[in-house]
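Colleague: The residues making up each chain are set out below.
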Amino acid sequence: DTAVSQTPKYLVTQMGNDKSIKCEQNLGHDTMYWYKQDSKKFLKIMFSYNNKELIINETVPNRFSPKSPDKAHLNLHINSLELGDSAVYFCASSPPGGNTGELFFGEGSRLTVL
Amino acid sequence: DAKTTQPPSMDCAEGRAANLPCNHSTISGNEYVYWYRQIHSQGPQYIIHGLKNNETNEMASLIITEDRKSSTLILPHATLRDTAVYYCIVRVRWGSYIPTFGRGTSLIVHP
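Sequence lines, in order, name chains R and X.
Position one of the first sequence corresponds to residue 1 (our numbering), numbered consecutively onward.
Position one of the second sequence corresponds to residue 1 (our numbering), numbered consecutively onward.
Same shape as in the complex, but just chain R:
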């Protein structure tokens, strides 16, 4: 059973389009995250949600909007895609009770903007 699953795994789209990436975790975790890994392989935090509420929003453009319908899901919607949005996006979750040291990552969603 996949603990943290992301869909789609690959996404190729044109500049200006709007796309979404979905993430689901079946670990019973309270906190979920989105990370971006660009071509230089640097892994950067984008958002963090705890029990459906946003707790961290790093300097990410407003075109990126996370949505958490329940604590098992954290989706990432991106408007007006730009070339620089091409990257691998990783969803992660961490155990309840405020233990945010152990992250469990999904397999990533590779977004290519043409």
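For the record, the hints were derived by calculation from the structure and aren't laboratory data.
Backbone N, C-alpha and C fix where the C-beta goes; we use that ideal spot for every residue, glycine too.
There may be inaccurate statements among the hints.
[What the hints assert, rightly or not] Which stretches of chain X does chain R cover? Using the computed rule of at least three CB atoms under 8 Å from a CB of chain R, they are:
id : segment
1  : 38-47
2  : 98-111
[As the list claims (entries may be wrong)] Using C-beta positions, here's what the derived DEER-type ranges look like:
id : chain 1 : residue 1 : chain 2 : residue 2 : range
3  : R       : Ser20     : X       : Ile63     : 41 to 47 Å
4  : X       : Gln45     : R       : Lys22     : 19 to 25 Å
5  : R       : Asn51     : X       : Gln45     : 22 to 28 Å
6  : X       : Pro111    : R       : Asn51     : 44 to 50 Å
7  : X       : Gln42     : R       : Lys22     : 17 to 23 Å
8  : R       : Pro96     : X       : Ile74     : 28 to 34 Å
9  : R       : Tyr10     : X       : Val92     : 32 to 38 Å
[Stated by the list, open to error] Within a straight-line C-alpha distance of at most 30 Å, the following computed DSSO-like cross-link-like pairs (lysine-lysine) qualify:
id : chain 1 : residue 1 : chain 2 : residue 2
10 : X       : Lys3      : R       : Lys41
11 : R       : Lys40     : X       : Lys3
12 : R       : Lys19     : R       : Lys44
Position chain X against the provided structure of chain R, taking the given hints into account.
Modeller: What follows is chain X alone, placed relative to chain R:
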């Protein structure tokens, strides 16, 4: 969170121990040392963490110096599948802090 310093790359022969160092000289008393690895094209994977005692699990061992300013992740019998980027992170365990990943060490295990 305390800053960490890791060598950018290392290599190791298959079957031998891989010893990956991490320097965290500014670590504070309530900060843990965490290790993750990222195998090519996969999501990062948690390996192990510790506060001040040495730790061992089915994946690796973590040796933390007495002054806690550095640590070593040990893969006792490295295999080709251990080829990955290894990240050392120092942070408090509880709270709203978000793990921040540096450049890590690219470990290549060769036959």
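Colleague: Taking the hints in turn, state whether each one holds.
Modeller: Each hint, compared with the structure:
Given a C-beta distance limit of less than 8 Å, the hint that chain R covers the segment 38-47 of chain X holds, as 7 residues qualify and 3 suffice. Interface restraint, the segment 98-111 of chain X with chain R: holds (5 residues with C-beta to C-beta distance below 8 Å; minimum three). With their beta carbons about 44 Å apart, R:Ser20 and X:Ile63 fall inside the hinted range of 41 to 47 Å. At roughly 21 Å, the beta-carbon separation of X:Gln45 and R:Lys22 lies within the given 19 to 25 Å, and the hint holds.
For the pair R:Asn51 and X:Gln45, the beta carbons lie near 25 Å from each other, so the given range of 22 to 28 Å is met. The hinted window of 44 to 50 Å between X:Pro111 and R:Asn51 holds, with their beta carbons roughly 48 Å apart. For X:Gln42 and R:Lys22, the hinted distance range of 17 to 23 Å is satisfied, since their beta carbons lie about 19 Å from each other. Between R:Pro96 and X:Ile74 the CB atoms are about 31 Å apart, so this pair conforms to the stated range of 28 to 34 Å.
The supplied range of 32 to 38 Å is met by R:Tyr10 and X:Val92, whose beta-carbon atoms lie about 36 Å from each other. With a C-alpha separation of about 19 Å, the suggested pairing of X:Lys3 with R:Lys41 holds against the 30 Å cut-off. Our distance criterion of 30 Å between C-alpha atoms is met by R:Lys40 and X:Lys3, whose separation comes to about 20 Å. In summary, the hint linking R:Lys19 to R:Lys44 is supported, as the alpha carbons are separated by about 20 Å, within the 30 Å threshold.
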